[in-house]
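Q: Chain by chain, the residues run as shown.
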Amino acid sequence: MNDRVLLRGDAGDAALTDSLLAPLWSTPSLWWLLFLLSCAGTVLFLFSIYWTVAKGIGTWGNNIPVAWAFAITDFVWWIGIGHAGTFISAFLLLLNQKWRGSVNRVAEAMTIFALVNAAMFPLLHLGRPWFFYWLVPYPATMGVWPNFKSSLPWDVAAVTTYFTVSLLFWYMGLVPDLASARDKAVSRARKLAYGIFALGWRGSGYQWQRYRIAYVLLATLATPLVISVHSVVSLDFAIAQLPGWHSTIFPPYFVVGAIYSGLAMGLLLLIPLRRAFQLEDVITEAHLDRIAKLMLAMGLMLAYSYAMETFMAWYSGDRFERYTYLFSRPFGPYAVLYWIMTALNVLTPNIFWSARLRRSSPALFIASFGILIGMWLERFAIIVTSLNRDFLPSSWHFYAPTWVDFGLLAGSVGLFGLLFLLFIRYVPTVAISEVKRLRLELASQAAGETAGA
Amino acid sequence: MRDHDWPAGSYVGEFADANALVAAVRSLRERGYTGIETYSPMPLPELDSALAFRRSRLPLFVFAGGLAGGAISYFIQWYANVYAYPLNLGGRPVHAVTAFIIPTFEGTILGAALTAFFGLWVVLRLPTYWHPVFELPGFDRATIDRYWVAVSGDDARGGADVTPSELRSLGATRVVTLDRHETPAVGRADGGS
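Quick mapping for you: the protein sequence lines, in order, are chains A and B.
For the record, in the first sequence the residue sitting at position 312 is 312 according to the working numbering, with numbers rising by one throughout.
For the record, in the second sequence the residue sitting at position 79 is 79 according to the working numbering, with numbers rising by one throughout.
Bound-form chain A, shown alone (with noise of 0.2 Å):
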């Protein structure tokens, strides 16, 4: 069937890596043009740093009891982006799923320029962030240690983890494509730098064979990762009291919304790259399909958990939760914010029912961009709507945020941005050995077919 085709065109093996090679040798002037653009949002982003740091978090819109806002939306929210990566390099390789090659290293970038993102933010919440080192636990002349009953030195734990396995995993994956850069390139710096991370692969018998079995252990400690990140993040609410954060449904819910919001991510940043690289032929429609069909599973597994959440609310009988979830969300001071997530985030997959729009990329684009900024709104729900309104009326208060807020959100996506393209102009996009062998396997099938026949 022709819709199922994960690899088009019969382009050799030499014409396939040039293909893939491309974008390391030329730039397209859209490249420059985004390159400024994001250049810009970083440039926002460090002004909003500085003026954090240098006036310190009074310039943020939070304030008892609203202690937590922006700056932990946008943690949680850019940590969930970085979920699809490993969701799709490491979950789907142990699953055999050879459609991951293609699309494997793009997420896996995805993933750790997100955690790098995300990580910024609770730092910048500690309000002296050059004192992050208290976190980590080491002997210190003070005599004093961090807590571990408490839940941030576990998100520590596990961000720190999920970024050095990531990082592990996608530089491990590199390493063949990494040589056969060092073998293309034509400048003698490009040669030594590609050469260098190359680590002088050779590609011989034993080493390929010892590093399958390298690799597939390393995805099979990165799987539990995906599960687990989320749910220690949760945990940051769950283990609290405040209605509308104390619930067991938060680990499961949480690992949900992140991969729908990085499938998302993914996407947006796909639809762009397979057109401007034309890479079309590696990148097909049937990728974009499957993406969209685990878009539309986890959607529905979201909706799932906001139905479930919003029922053990009233079905507790506590007051708290109930005024929290019945009337303060969809009827209080941010209604608005909640019911466009609402929209967003439970209608917008149900497009994906269709086979035709799951191909379409401008469905899937603005689709995937919807969710984004939908998963955004639902942990600000989350975080703002639970702390503005908690138990006592009298301390009730309502937030709103400043443009320090706002300027770093923006400017974290315009890093996001930078990070990105510096990526696909020096690293190659897709994990071309990969594809070779996918290339290899589908023609000994078709070959087998014909025999067969």
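Source of the hints: derived by calculation from the structure; they are not laboratory data.
Honestly, I wouldn't trust all of these hints.
[Stated by the list, open to error] With the Cβ distance kept under 8 Å, some of the chain A side facing chain B (calculated, not the full set):
{"#": "1", "residue": "Ser19"}
{"#": "2", "residue": "Thr42"}
{"#": "3", "residue": "Leu46"}
{"#": "4", "residue": "Val136"}
{"#": "5", "residue": "Gln209"}
{"#": "6", "residue": "Leu217"}
{"#": "7", "residue": "Leu218"}
{"#": "8", "residue": "Leu221"}
{"#": "9", "residue": "Leu440"}
[Unchecked claim] Covered stretches of chain B (chain A as the covering partner; in silico rule of three or more C-beta atoms under 8 Å from a C-beta of chain A):
{"#": "10", "stretch": "6-15"}
{"#": "11", "stretch": "43-56"}
{"#": "12", "stretch": "80-86"}
{"#": "13", "stretch": "104-118"}
{"#": "14", "stretch": "140-153"}
{"#": "15", "stretch": "167-176"}
[As the list claims (entries may be wrong)] Derived, one-sided and incomplete: chain B residues facing chain A with beta-carbon distance under 10 Å:
{"#": "16", "residue": "Arg2"}
{"#": "17", "residue": "Thr38"}
{"#": "18", "residue": "Val62"}
{"#": "19", "residue": "Ala64"}
{"#": "20", "residue": "Ala71"}
{"#": "21", "residue": "Ser73"}
{"#": "22", "residue": "Gln77"}
{"#": "23", "residue": "Ala99"}
{"#": "24", "residue": "Phe100"}
{"#": "25", "residue": "Val123"}
None of these values were measured; they are calculated from a predicted model.
By construction, the Cβ of each residue, glycine as well, lies at the ideal position given by its N, Cα and C atoms.
Once you've looked at the hints, dock chain B against the given chain A.
A: Below, chain B without anything else, positioned relative to chain A:
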């Protein structure tokens, strides 16, 4: 075999595609060659039985690395919260096993992942920036679209008269000797880890 060192009298043959390489390696193996190594731009699990590497011990190291990572992280938490700086928070036990599980889990994964990554470097002796095969003219295509098989000069079956002609008869487009190239002084005897 592992290719840290190619003795005198070794030959390499170049093949145009993966299937030809796999067939050639299997055939060489049937003819009694043992000192064979391949170079290919993609993994070829089909060659596992023909190349017959020793079973890797890497998974065992990774398991040990995971155990060590878990033990170290549990110890740090115990040391910090029970021994060095116990905090009485509402009378809850200072040795909070359930709370310690989460960083212990993360430490286990981290220890195992670091072992898998750097263990591979040790096993493959990465980085190794120079190797005799890199001197072969045209070897830069081994990471692009060419498939090479090397036969060791120590192999009793081969020799200057036999090996090149056998490689050619198996479909090698080109056969080159590795002799003229200096071999590096490194290398323990054959074996795997």
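Q: For each hint, tell me whether it holds in the structure or not.
A: Comparing the hints with the structure gives:
1. With a least beta-carbon distance of about 12 Å to chain B, the hint placing Ser19 (chain A) at the interface is violated under the 8 Å criterion.
2. At its closest, the beta carbon of Thr42 (chain A) sits 30 Å from a beta carbon of chain B; the interface hint therefore is violated under the 8 Å criterion.
3. Look at Leu46 (chain A): its Cβ only gets to about 30 Å from chain B, farther than 8 Å, so that hint breaks.
4. Interface restraint check for Val136 (chain A): the shortest CB-CB distance to chain B comes to about 10 Å, outside 8 Å, so the restraint is violated.
5. Taking 8 Å as the C-beta contact cut-off toward chain B, the hint placing Gln209 (chain A) at the interface holds, the least distance being around 6 Å.
6. At about 5 Å, the closest approach between the beta carbon of Leu217 (chain A) and any beta carbon in chain B falls short of 8 Å, and the interface hint on this residue holds.
7. Because the closest C-beta pair between Leu218 (chain A) and chain B is about 5 Å apart, less than 8 Å, the hint holds.
8. Because the beta carbon of Leu221 (chain A) sits about 5 Å from the nearest beta carbon in chain B, less than 8 Å, this interface hint is met.
9. Annotation: Leu440 (chain A) was flagged as interfacial toward chain B, and the flag holds, the nearest CB pair being 5 Å apart, inside 8 Å.
10. Under a criterion of three residues with beta carbons nearer than 8 Å to beta carbons of chain A, the stated coverage of the stretch 6-15 of chain B fails, only 0 such residues being counted.
11. Note: the stretch 43-56 of chain B has 8 residues with beta-carbon separation from chain A under 8 Å; the three-residue rule is met and the coverage holds.
12. A stretch counts as covered by a chain when three or more of its residues have a beta carbon under 8 Å from one of that chain; for the stretch 80-86 of chain B and chain A the count is 4, and the coverage holds.
13. Residues of the stretch 104-118 of chain B lying with their CB closer than 8 Å to a CB of chain A number 10, which satisfies the three-residue condition for coverage.
14. A stretch counts as covered by a chain when three or more of its residues have a beta carbon under 8 Å from one of that chain; for the stretch 140-153 of chain B and chain A the count is 6, and the coverage holds.
15. Coverage of the stretch 167-176 of chain B by chain A is violated. Counting CB-CB distances below 8 Å, 0 residues qualify, and the rule asks for three or more.
16. Nearest Cβ of chain A to the Cβ of Arg2 (chain B): about 5 Å, under the 10 Å cut. The hint holds.
17. Interface hint status for Thr38 (chain B): upheld, as the beta-carbon distance to the closest one in chain A is roughly 4 Å, under 10 Å.
18. The closest approach between the C-beta of Val62 (chain B) and any C-beta of chain A is roughly 5 Å, which is under the 10 Å cut-off, so the hint is satisfied.
19. For Ala64 (chain B), the shortest C-beta to C-beta distance to chain A is roughly 13 Å, which exceeds 10 Å, and the interface hint is violated.
20. Interface hint status for Ala71 (chain B): violated, as the beta-carbon distance to the closest one in chain A is roughly 15 Å, over 10 Å.
21. A hinted interface residue such as Ser73 (chain B) counts as satisfied when its beta carbon comes closer than 10 Å to some beta carbon of chain A; here the least separation is about 7 Å, so the hint holds.
22. Among the interface hints, the one on Gln77 (chain B) holds; its C-beta lies about 4 Å from the nearest C-beta in chain A, closer than the 10 Å criterion.
23. At about 5 Å, the closest approach between the beta carbon of Ala99 (chain B) and any beta carbon in chain A falls short of 10 Å, and the interface hint on this residue holds.
24. The beta carbon of Phe100 (chain B) comes within 6 Å of a beta carbon in chain A, closer than 10 Å, and the hint placing it at the interface holds.
25. Interface restraint check: Val123 (chain B) against chain A, minimum CB-CB distance 5 Å, threshold 10 Å, status holds.
Figure legend: structure checked against the earlier numbered hints; hints not met, in rising order: 1, 2, 3, 4, 10, 15, 19, 20.
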